[in-house]
Amino acid sequence: MSQDGGPSESSFRDYMSTLEDDELIELITSWSQKRKASSPKAADINTNDADQPSHSSSLSFQLAQEDNEESVDDLGGDDKGPIFGDYASYFATKAQNQQIEDEKFLEWNKKRQQVQGQDTKVSSIFTGCVVHVNGYTRPSIATIHKLIILNGGKFIHHLSSKGAATHIIAERLTPRKQAEFKNYKVVRPQWVLDSIERGSLQRWSDYSLIEVDYGQQRLQFRNEDQTNPHAKQDDEDESEIGPSTEPMSEIVDTTDGTTTIDSKHPDFLKQFFAKSRLHHLSTWKADLRLEFLNMVIEQSKSQGHMPTGASHRIIVHVDFDCFFATVSALKRPDIDFQNQPVCVSHGGTKPGSTADIASCNYVCRKYGVKNGMWVRQAKKLCPDLICLDYDFLGYETASKKLYEILLGLKPDCILPVSIDEALLEISSLIDDENTVEQVQGFCESLRREIYEQTRCTVSVGVSHNVLLAKLSLRKAKPNGYFYLHENFEEFLHNIPVSSLPGVGGAIVNKLISQVFPHSSSEITIGEIQGLERANLEKVFGVKTGTKLFEYAHGIDHTSIDINSNPEAFTRKSISIDINWGIRFDSIAQIDEFLFRVSEEICNKLQLMKMCTSQVTLKILKRSKGAPIEPPKFLGCGQCDSFSKSSRLGIPSDDYRTIGMEARILFRNIGCDPLELRGVSIQVTKLIEKGKEVQMRLPFARLDAPKTARLEGKEQHSDTPMEDKSMETTQLEIPSELDSSVLRELPSSIEKRIDAQRQRDKAPIVDLPRDIDAQVFEQLPPSIQEELRSELRRRNITIGERTPKRKRVYYQQVFTRTGASEVIRIISPRKSPSKSPLKKSPTKKSPVKDVKRRETKVAKVDEDVLNELPPSLRKEILEEWDEYERTNMTEFDRLRERGKLPETKFHNSANSIESLVMDDFECKINLIMFQKTSQPSKIIKLVDRWMKKTVEKGPHHRDLELFQTYLSKLNIIAIHCMP
DNA sequence: CCGGTGTGGTAGC
DNA sequence: CATCGCTACCACACCGG
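Under UniProt numbering, the first residue of the first sequence is numbered 1, with each subsequent residue one higher.
Any given hint could be a false lead.
Claimed, not checked - Here are the simulated lysine-lysine pairs, DSSO-like style, with alpha carbons at most 30 Å apart:
hint, residue 1, residue 2
1, K572, K624
2, K401, K477
3, K285, K110
4, K477, K604
5, K685, K301
6, K685, K572
7, K270, K400
8, K689, K370
9, K624, K285
10, K475, K401
Note that these hints are calculated values from the structure, not bench results.
Keep in mind that this is a model prediction, so the values were computed, not measured.
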């Protein structure tokens, strides 16, 4: 450490003067971030100023940080302004320039050390070593790179020739890579860290990456690329689905750790969606609805809406017979569709197959085969079963023709129900005379035309409301039509209740258990007709009860007229669910996956020109006691579902914003990565893209020439905006880098590079020119003094001291083009009068419940608890909550009395800090302990706790609480660390 | 009463 | 070897002011 004094201080000043304005600001900001870093050392440096007089020197302050340089945490820390800036640009350069860049970096670093009065002696631990990193590592490739060159080694990104590298660093290798690298010294990343920590090169063989089971686990999937093309050609004509079969070989090549296509693979989503019938079905439906909605809106613009005045509506329900099976069979003239049992499923007709049957023809149904059944099961019922492949393009083509024909009929309105199914109202096409004949004629010609155009049969149900048309359709099938125009109650009498729309297994079960406990056979609508309306409402609630009652009597007021109420038909949410193939080893993999899902969500949002202001994450977690691998291959098995949502202050359509929220929500739910079986992200509260820009105007103009600093209260105090934004985490980064490069990187690095790039590109005027007063004040006094003069010289203002009762939040928003806005919102600690979002989604119940549950479960006995009936279990859990609430312990008192501000939720300003930190830090920060997640605060709290209880010993509850916290940290460590 | 969140159910093949 | 168990919307329970 250098002594205090003029020379070094002046050289520091020199150094400062070499910086650009924004670099200087960044430097200061980076100090403040470092100050908040979680290592106890870093925390001490700033909090215990008095104890460490040497820190009054500006240089030692800087030095103290540089001392930490070797620790992974520090290196993985947030961008360090100029330091990282240079490194980032270095990183982006091509491989051939790398040596030069490395040298430049070293030289630059040396200069920096000199300027800052640091020891410039170069470490030579890795002298003579040429290091290459393969695959995903922790610390990241970028960190290792930096560590190596800072300690005398060389680093290469590509293994251009054999023997170019002396060491390869990897955590896992595919069998292929194992073979390729068998003559290299392949070591784990820890080798680097240990060598640096001990100051000497460690024996590589101690860190040798021998065999790792990861690759072997996946061996079963090998060689798909070689075997598949041939197999495919032997199969039936598949030209339509061609594209999805081609990438096989690519997939194998691009994988960096495995050849399987499960959720860890970057292309998993694409593959999955390409082959998921339900995905197709759902998206088709949504698209069709949107299309018709737009069509209707266009029409009403030009001609205005003509309300259907007919008192007696005529509703037509058209539907293909076993759609998928019929269309798929078109390509197989060798099959006698009318007499052979045919179904559609993946993967042929192997007797053990757990593939779902998407659709089966009526021959199958005679054997008891049903849609959704597994091939395995169906094969038992019907050994001659023929399984056809999906033909998604064929389905779309047929659907298109269907809708063309329907539109050509000029009905009063059309409501698409599904890809193959639509409701029409044709009241105005039918006269009052000879109604029945006219309807029959309509049905016959419709069926004929559709068959001629598609070679597929449809059935048609007609009646005077939607419900009865639907039930008529059931009767009409297969390949027929039915017009129900009289004797409705009689018609309904013998139909099973489950045929009613909206009545599924759950309602039927409830009926059986609560209304007809003695009924042995299937419950019919006739039986419901005998029930009182009030009775049904009591059991099922007002809405469902009423609906059941009315349906039972053939009453249905459902409108199919989009035009009459376009609002009701507009999309209110977008979601993506993946409950198949979800298998993860670590939270890092999940994080990546969440980003990929978010990307898909945002693609949809952008296509619709919408932004979302609420993100919901739903997960499926393997039920206790369910087998690790369920009977269905890569299925989700028996699961419990959990969901949690979060509001966005500024509506967004950026995948990083949404993805980041999802990551936080995931941590909130708290699911062991190994137990995760399903993921779903849902966005709601959609707002048109343009309006969302308006909404953000109160904060700052996108292209605001200067500071975006606002007093939340002054602006629009009647809107809840400021409250919302303080609850949210929004850190968005531009996607300028090549995405394939980014994908290789751990997300933290990715973020930092992005952020840095952004900074490089963004016009300076977009950067905040203020330095937060709080940040400033936390710097050692001597530094403050220097900065003050330097800043004065530059005409940069130092923010006023924030009033005590207010809170400062940063919301950093990056736009697609790379422009940026950093918003500083100062808002009162307590939200004003009305605050619909006062407590973020978690204030009380959810998060706490989940966390509590874990605590209890650990104590009570998880297994026992889970065996209990849900109602009883709930009771016990609630009791426990009550117990917890009434038992205030030392922690609670300390926290209440101490200055620990209640950081209510990760989803607040402090998680912005955490998210720009190293991944691991970030994860630590997402674990709450005693209402805070900031390690420095937790450390302080624990310290105080220990001091207070050193004589009497701690309260057992406190011990448990702390233990729970530690175990959570541990879980994360296991899954995140090498 | 309102409005919030979380959960569960349903439909299409 | 398999397999691709989606998605939008509604209704309800429960909570808190």
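Verification of the supplied hints:
1. K572 - K624: 34 Å, violated
2. K401 - K477: With Cα atoms ~20 Å apart, K401 and K477 stay inside 30 Å; holds.
3. K285 - K110: Between K285 and K110 the Cα gap is close to 62 Å, so the pair fails against 30 Å, i.e. violated.
4. K477 - K604: 36 Å, violated
5. K685 - K301: 26 Å, holds
6. K685 - K572: Status holds; Cα separation ~7 Å.
7. K270 - K400: 24 Å, holds
8. K689 - K370: 44 Å, violated
9. K624 - K285: Distance ~35 Å between K624 and K285 Cα, so the pair is violated.
10. K475 - K401: With Cα atoms ~24 Å apart, K475 and K401 stay inside 30 Å; holds.
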